[in-house]
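Residue numbers (numbering that gives the first Met the number 0), protein chains in the order written: chain A, 0 to 103; chain B, 0 to 349.
To be clear, the hints were calculated from the coordinates, so they are not data collected in a lab. Some clues are possibly wrong.
Each computed DSS-like pair below joins lysine-lysine, with the alpha-carbon atoms no more than 30 Å apart [unchecked claim]: (1) LYS266/B - LYS31/A; (2) LYS124/B - LYS152/B; (3) LYS78/A - LYS266/B.
If you want the footprint, here are the derived chain B segments under chain A, 3+ residues with CB under 8 Å [stated by the list, open to error]: (4) 122-129; (5) 154-161; (6) 243-249.
Every residue gets a Cβ at the ideal spot worked out from N, C-alpha and C, and that includes glycine.
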Amino acid sequence: MDIKITIIDREGVSHQLEAPTDMSMNLMEVCKAYELPVEGTCGGMAMCASCQCYVLSGHELAEKTPDEEAMLSEAFYVKENSRLGCQIAMDEKLEGLKVELAPE
Amino acid sequence: MIKTDIIIIGAGPTALFTVFQAGLLKLKCHLIDSLAQPGGQCAEIYPKKPIYDIPSHPEIMAGDLVDRLLKQIEPFQPGFTLGETAVDIQRQTDDSFIVITNKGTQHHAKVVAIAGGLGTFEPRKPNLEGLQHWEDRGVDYIIRDPEKYRGKKVLIAGGGDSALDWTIVLAEVAQQVILIHRRNEFRGALDTVDKVQSLKDQNKIKLITPAEVSVLKGNTHLQTVVVKQQEMTTEHSVDYFIPLFGLTPKLGPISNWGLEIEKNAIKVDNSLDYQTNIPGIYAIGDINTYPGKLKLILCGFHEATLMCQSAFKRIYPEKRNVLKYTTVSGITGFDGSRKEVQKSTIKSIK
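Bound-form chain B, shown alone:
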């Protein structure tokens, strides 16, 4: 069991900044995110796009913002459970919580902060008849371990970065890789597109465009994929069909936690501390709603800051606390590091 002061669900900018504000109050944080890397949407969807409304940054790339936040919270040594989705929360008799992920990892804390943004990113599934039947029987939406496909015949569908990246990886591992896409053009990093082109030229992969998968066939396991290319259909014997059409956010399991939900967001008390209807569970950033709510990173930072003050009172009801300025108090990390203003020297000038 992972024990901490604040369990943060999500690892986007608001979640990351919570670690900093909690750290100033000497509270430890552990973050859980369904994506494999921290940064949320900023890292997953638009790392190379600029943001113009972060105070003091006239322009900053979303990916750089994440990197800087990670650097800023380094002294506070946050824990991470990445690539796992928080599915269940259990309130304990002492009013603390245990949060459990889809892989069974358990986390214990007195405070839970939901900073889940738009929710959990789930794969977008193509509209194919009987698709669900073949899930875990030859249809995969996420590649977790390329070794699974060693020596197998794989058909990948999609035209973005992940379809291209995995085509390159699996070309080395699988017996056969077919990449199909609805258009001849691919949207990906230039060198990735070039690499796939050269794999095709060397006959290491088969490329079928513009085409779509139309029918899946098999017995207990997927065996054949029918591909429609304009007026022509072809059948391909495969072991795996991997549609890679990006991710779409869903509120997911959080919606069953007994929290008050309004328009796909969690209602909070914004006049006080961004607490939900369940004491001890807070919701901050894009995932919450209240009158006048704006889904902006800078608003998430503000919400995180107020929330941490309230969390402190909940964790240490008997302790008195007063807001401190980092310029005055410096920063003392859990790693023993210390940042502080340089002392001025008092010396007379003759």
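Same shape as in the complex, but just chain A:
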């Protein structure tokens, strides 16, 4: 099953994407698959914050792991709704998810 999600890039442009839920992909990987400007430098280990985004919709996401907490405590431009895209697994509950990419 694919879900529809919305990504607002750093220029403010809104992208509607279809993300597969059966490929064990995370949000960072979905962005990369659609060639959005997300670097994913560390490959998804919650160690670089290049996939930081602000969650705009009210979806209930899985709790942050200690690694994600630690990385966000060192990252820049962090807000209350900051998450690392690489730690958000695509599943059906995230239908309609809307996020904005944080500045680099």
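Dock chain B against the given chain A, drawing on the hints supplied.
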């Protein structure tokens, strides 16, 4: 001037394996890397994390992979210029190259292999107004020599290993060390965290958490750092402010070398030999791009192997060469060492 056959820019797994493949062809290599130790990302970012897709290793720690590669290339005695960034390349009239680092070290070779991974690791800088103005005037992002801070007042910011490690080192040297971090929790090796705790308990350092630096003040040199701790701000008289927020890769000076760049990577001819648009300069591993490119260590190994065959032809256009199997030919190191298969004995059994 350092002279070699192949200058390798980078010292990650692909760069290291290039030394091996070049060595089989009796070509010498010299590696240049901006980090202080070989291994690239594997050593710097995730040495204690496992990799599962290295053929024949069901599981191997990234740090162990680097150690094994270093062991494997030992016979081929690679040279290293570490802690320096390759900033300039000059093509000579005979089509050889001179590569110069930010410290002015010069290297000469007929072939250059760029195996720079994600690029040069540069310190991540906090978003502080006027920060740039204080660089070299009291703001340092990298500690090169702790002696610089002897008897000085230092404020370190960060919550990872390097902030903790340097707090411990500078506590012995500096007149005063203040460590500030946005959270109460630190991410570091357990014994490092414990050591910092005991330094704090002994009043050898001052710890301010959860807090952030908000303003830098001074005249010709940094004098005061304003720290915001929840609703409270405090001013601290310091000689140095050292933000340690990790490293981030940038393609860096390589992007000005006239190489064809696409999406932050160097375009190469993958149907042949991973050469760039400049003959004699190759790009292998994560730093290159071509249709179907995959950024995997194992693909880097393959690219390095093909590239070395092409480099050999470039360096010795008149010499004939044929692929040899190490099991058959063994390995003859530049250090005189020799590895070969044990000869079977021919003897009749009565």
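- Task: Kindly indicate which numbered hints from before are broken by the structure, ordering the numbers from low to high.
- Result: 3
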